[in-house]
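We have chain A; now place chain B onto it with these hints.
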Amino acid sequence: MTAKPVKVKITYCAECGYEPQALDLTKALMYEFGARLSAIELIPWESGTFDVSVDGELVHSMKREGGFPELATVKAAVRLRLRSAPAI
Amino acid sequence: MTLDRARWDKGITYDAYKAAMTRNQERFSENESKVVLDPETVRTFNSLPKPLRVLVLAEDWCGDVVANLPILGRLAKEVSTLDVRVFYRDQNLDLMERWLNQGKYQSIPVVVFFDQDFRELGHWIERPASVTERRAAERKKIFAAHPEFGSPDAPVDQLPEDVRAQLQAELQKMRDNTVSFANAEVQRELRELVSKVAV
Chain A
176 MTAKPVKVKI TYCAECGYEP QALDLTKALM YEFGARLSAI ELIPWESGTF
226 DVSVDGELVH SMKREGGFPE LATVKAAVRL RLRSAPAI
Chain B
645 MTLDRARWDK GITYDAYKAA MTRNQERFSE NESKVVLDPE TVRTFNSLPK
695 PLRVLVLAED WCGDVVANLP ILGRLAKEVS TLDVRVFYRD QNLDLMERWL
745 NQGKYQSIPV VVFFDQDFRE LGHWIERPAS VTERRAAERK KIFAAHPEFG
795 SPDAPVDQLP EDVRAQLQAE LQKMRDNTVS FANAEVQREL RELVSKVAV
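From first to last, the protein sequence lines are chains A and B. Just so we're aligned, residue 176 is where the first sequence starts under this note's numbering, counting upward by one. Just so we're aligned, residue 645 is where the second sequence starts under this note's numbering, counting upward by one.
Please note that a few of the clues may not be correct.
[As the list claims (entries may be wrong)] Result set (PhoX-like, lysine-lysine): computed pairs, CA atoms no more than 25 Å apart in a straight line:
| no. | chain 1 | residue 1 | chain 2 | residue 2 |
| --- | --- | --- | --- | --- |
| 1 | A | Lys238 | B | Lys785 |
| 2 | B | Lys748 | A | Lys238 |
| 3 | A | Lys184 | A | Lys238 |
| 4 | A | Lys250 | A | Lys238 |
| 5 | B | Lys784 | A | Lys238 |
| 6 | A | Lys182 | A | Lys238 |
| 7 | B | Lys721 | B | Lys678 |
[What the hints assert, rightly or not] From the structure, some residues in chain B lie toward chain A, with a derived Cβ separation under 7 Å:
| no. | residue |
| --- | --- |
| 8 | Phe758 |
| 9 | Asp761 |
| 10 | Pro799 |
[Stated by the list, open to error] Just the calculated beta-carbon pair ranges, DEER-fashion:
| no. | chain 1 | residue 1 | chain 2 | residue 2 | range |
| --- | --- | --- | --- | --- | --- |
| 11 | B | Ala660 | A | Pro219 | 26 to 36 Å |
| 12 | A | Ser213 | B | Ala798 | 15 to 25 Å |
| 13 | B | Asn821 | A | Pro261 | 42 to 52 Å |
| 14 | B | Glu674 | A | Arg239 | 31 to 41 Å |
| 15 | A | Ala203 | B | Asp682 | 45 to 55 Å |
Just so you know, the hints here were simulated from the structure itself, not pulled from any lab data. Glycine included, C-beta positions come from ideal geometry on N, C-alpha and C.
Looking at chain A on its own, in the form it has when it is part of the complex (with noise of 0.2 Å):
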């Protein structure tokens, strides 16, 4: 029995040129996580924007926490819903 994967979310400001944090966070994931993860998806957005979410559950924000997240924050939110989600 495997945790069900989780799918995490970046929204980065694309008009900021946010375009490497969030390619490293996400190589950073996918190296990390492998198919445990269901899905990374990168939304192209504005305003500032650098938001990360955990199965819809918001990890980070940039306008909430300030700055980018640091990788240990995010890698640590996806390891307990890891452990929390349902078997399959």
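Same frame as chain A, but now just chain B:
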């Protein structure tokens, strides 16, 4: 950091910057073609007693650069008093540190006017506050008119993809509808800046 002739010469001309753009070149050119120069702007800059050097910090991914630098570019072509040099922000962080927005943000474009001896006369950053305020008010109206968009403060990833696309289209329409106002405001601020400092 002092700007001197050697450093100045490392900047590139407006046309060279345009030619070297790897992103948004088409949108940049389109914005440039739509710029309507206010006769008062042209008169103000043409009546400067001496030509000015204009340092610009920019990057081609930045929406405010794509929107506002073409205004300066058109103006510099129209008048004979502006010598523009563009520096890439991320390759010139020492310059960026000198003109941080509110002392902490690396906002661009930065437009700095110098006299011929590299004495700074004044600078302008990013976009007019009046444009930010107007667009924020218009954004609020959009959310008020479309309950399906939810709260303006909610993360957009919570919206269904089709609704998100509709929201994006509405925001783009709003930006398009406020371009004339924004361009006029940029010109007004640049005019006021050089009117205060021109010697």
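Each hint, compared with the structure:
1. A:Lys238 / B:Lys785: Status holds; Cα separation ~21 Å.
2. B:Lys748 / A:Lys238: 16 Å, holds
3. A:Lys184 / A:Lys238: Given that 25 Å is the threshold and the Cα spacing comes to 16 Å, the pair holds.
4. A:Lys250 / A:Lys238: 20 Å, holds
5. B:Lys784 / A:Lys238: Status holds; Cα separation ~17 Å.
6. A:Lys182 / A:Lys238: The hint holds at about 22 Å.
7. B:Lys721 / B:Lys678: 14 Å, holds
8. Phe758: 27 Å, violated
9. Asp761: 34 Å, violated
10. Pro799: At about 5 Å, which falls below the 7 Å cut-off, the nearest Cβ of chain A leaves the hint on proline 799 of chain B intact, so it holds.
11. B:Ala660 / A:Pro219: 26 to 36 Å: 28 Å, holds
12. A:Ser213 / B:Ala798: 15 to 25 Å: 23 Å, holds
13. B:Asn821 / A:Pro261: 42 to 52 Å: 48 Å, holds
14. B:Glu674 / A:Arg239: 31 to 41 Å: 35 Å, holds
15. A:Ala203 / B:Asp682: 45 to 55 Å: Hint holds: Cβ distance 49 Å, inside 45 to 55 Å.
When each numbered hint is compared with the structure, violations occur for hints 8 and 9.
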